[in-house]
Each structure stands twice: as C-alpha cells, then as structure tokens.
Amino acid sequence: MQTSNKSPYDVLIVGAGINGCCSAWFLNRAGLRVALIDRSGIACDGSGAAGAFISPKFSKSGPLKEIVAAAHVEALDFYSRYFPRHTLLRPLLHIANSESESEKLAAYKRTTDLAYRDVPASLRAMILPEALENEAIYLERGAVVDAQEVCHAMAEGIDFHCFDARDPVYREGMWHVGGLRGKHMILSTGAYPKILGGDSIRLRGIWGHRIDVQTDTELSSILHHHVSISPTSASGTVAIGATHDVHFDPFAEVAYDVDSGRAALLAKAARTLQLENVRILRDYTGLRSGTHDYYPIAGGLVDEAASTGEGSGGKTNGPRCVFYPNAWMINGSGGYGFVLAPYLARRISERIVSGKELDPALSPERFFLRRWKRQS
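First residue of the sequence shown: 1, per the working numbering; consecutive thereafter.
It should be emphasised that the hints constitute simulated quantities derived from the structure, not laboratory data.
Each hint should be verified, as a subset may be incorrect.
Distance ranges between label pairs, derived from CB positions [unchecked claim]:
#1 107 with 169: 48 to 56 Å
#2 33 with 252: 37 to 45 Å
#3 169 with 270: 47 to 55 Å
#4 40 with 123: 32 to 40 Å
#5 98 with 235: 32 to 40 Å
#6 277 with 357: 51 to 59 Å
#7 199 with 232: 34 to 42 Å
Every residue, glycine too, gets a C-beta built ideally from N, C-alpha and C.
Assemble the whole structure, with the sequences as input and the hints as a guide.
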C-alpha cells in the first residue's frame, strides 16, 4: 500500500523484485523502518516472470559455482522455513542438453557434496529416451517458489510506494527519492536504466517468458533440460520456463511476440517429455538482469566521478575509490535470482544493521576498477 507518511525511513529500496523484497524482509525483521519503491508494482517485471526454481549451478568449478552452491543450501532452508505456503519441495532432475554440458555435469557429480541417486524408474518412463542419453543428476531435495506470491509475502507490512524513482539526492545525511527520505538507499532495479552511478556497471538484459499450463500429465519432480518444467501447488498445473531471449529488446518499438514465445517454450518442453492435453493458463514476461562477468552484485556503490578526480592513485596503486554514502546495490543474478536473493539480501542487511563487511568480490567496485585498468 502507498502511504503519505513523510517521516524519514531507515532504508529506501528502489526496485521491488526478489532482491528488493528479500532485502526489505531482512531489514524489517531486524527492526528497521523500510520503504519499497517500484514504478510498476511488487514483482511486476523480471522477478514475476521467473521460473523461481531453487537449483545449484551444475558446472565443473569456479567462484560462481561456489557462491551459488552456498546460496542454494541457504535458499532451500529460507523459503521452506519462512514461506512454506509459497514453496513447493520436490525432487529435481537435471538433464544435460548437449555433449559439453554432459561433461560439466559429470564433473559436477564427482565433486558435489549434495546427495543424488539414480533416476527413479517411474520418472525415467516419462522422459524421452533420447533425452536420457545425456548425463543426468537426480537430487532428492529441490524446490520451486511462487515468484509473485513470495515477493508479496516478503513485502507484507512494509510501506510500498508506486512511482518511477529518478535522480536520488543525498543531503543532510539522508537520501531523497521522490519526496521520501531515508538514511540508506538500496538499488535493486535489475536491467532497467540505472538511477545513480557511472557507466562502468553494464548489465545484460535477458528477456524471460514463463507459462503456466493445465495438463493431464502428473508431474512429481522438477525437470531441467532444454527448459525448466515444474509442478506447482495448483493441482494439474505445470510451469514451463523461463526461457532466455537475449535478442529481444523491451525498450525497442517492436512488441514481444507472446505466441511465438509460447510455441518455443512448448517445443523445448517436448524435447524432454510429452505433456498430455496442454491448455495455456497464463503468461508471465519480464526483463531480468545479469552481469557481463556472470557474477552477482552486492555492495557499496562507487561515486565514479569523485573517484576519477584529483587525488586518485597512480597507475601502479590504482584509483582512489570514493563511495556514495550509505548507498548499496544488489543486482545481476541472472537466472539464479531466487537462489541468490536470500544469500545476498541477508549480507546487505547485516552490513547496514551491524556493519559486517561484505565479500569484496561481489562489490560493484570491480567494474570501475576493470574499466580504469583498461583505460590506463
């Protein structure tokens, strides 16, 4: 709900997707007064169109795999503990969709600490034989959350203001955004145009499309193959998506072709199993954000103009990074938004509430430093 209360908040959060709502939930739980701001509504863009599957990253190695692994464990506990009404716990079957993906999945199975077993005969009988020619992993514990409902549940009891936030100003120890004031400000605006900061942070806009369908096929497990296919809490309803379309530009004049998107999702699902008597119930579309290094963002926001001014370090020592006061960013989770949100939002909350240091590898600062090195 929107409120006319003009007294200052502890935290203003711009962007009411999963990152913004999850941050609001942690901060509100810690006793802070929080305002959520979004031009469209709660979970009305990319987060609302997400498949919201809670899955690890099935890859060989690397820092992103490790952070998603930790976030995956945390997310399973978080959603099932605090939002059980909006969380469906089901086994997860992930099938590689190519020879190279099979190699990665085989390497993952050799190193993971997660318990997995052979695909049950009842599920194997549903999957097309050619799909199971590739490597597969069956995890006993997986989950899918209701993307829109869980965001609304997180935002319950928190002041929501619906307007297009632009040109935030910091003065007299407060951030001022559209008539609201707050000591801290968190930007969780996804791939939409930034409202603060320089040009070094470049986000990849990834168009998402998910469909809910009614089917006579009884699906008891979450399936990942060419696309994700999952049962929902509604009997006989299956969610398919969210497909990634890096070519569609929502800011262009050409409208998204929903019918073609549906057809693509159903064609991808048909490469895994045959769903009987499919009836389209609804579509969800929106723009999600990823970074060019595929690593998420959680940290203080660099004032790039001030950082490159007089007093910056030399080429050897690097620039002197100046941060906006009490301004934070959480963004760039790509297809792992609902997995990473509790992990990242909890850490942002702890930084604001108790001053606990954030992982520097997640900081937006890395983009500024990389650009500086390229230009030096």
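Status of each hint after checking the structure:
1. 107 with 169: 48 to 56 Å: 50 Å, holds
2. 33 with 252: 37 to 45 Å: Given range 37 to 45 Å: holds, Cβ gap about 40 Å.
3. 169 with 270: 47 to 55 Å: Check passed, 53 Å falls within 47 to 55 Å.
4. 40 with 123: 32 to 40 Å: Roughly 38 Å apart at Cβ, these two residues keep to the hinted range, so it holds.
5. 98 with 235: 32 to 40 Å: 34 Å, holds
6. 277 with 357: 51 to 59 Å: 55 Å, holds
7. 199 with 232: 34 to 42 Å: 41 Å, holds
In the structure shown, no violation is registered for any of the earlier numbered hints.
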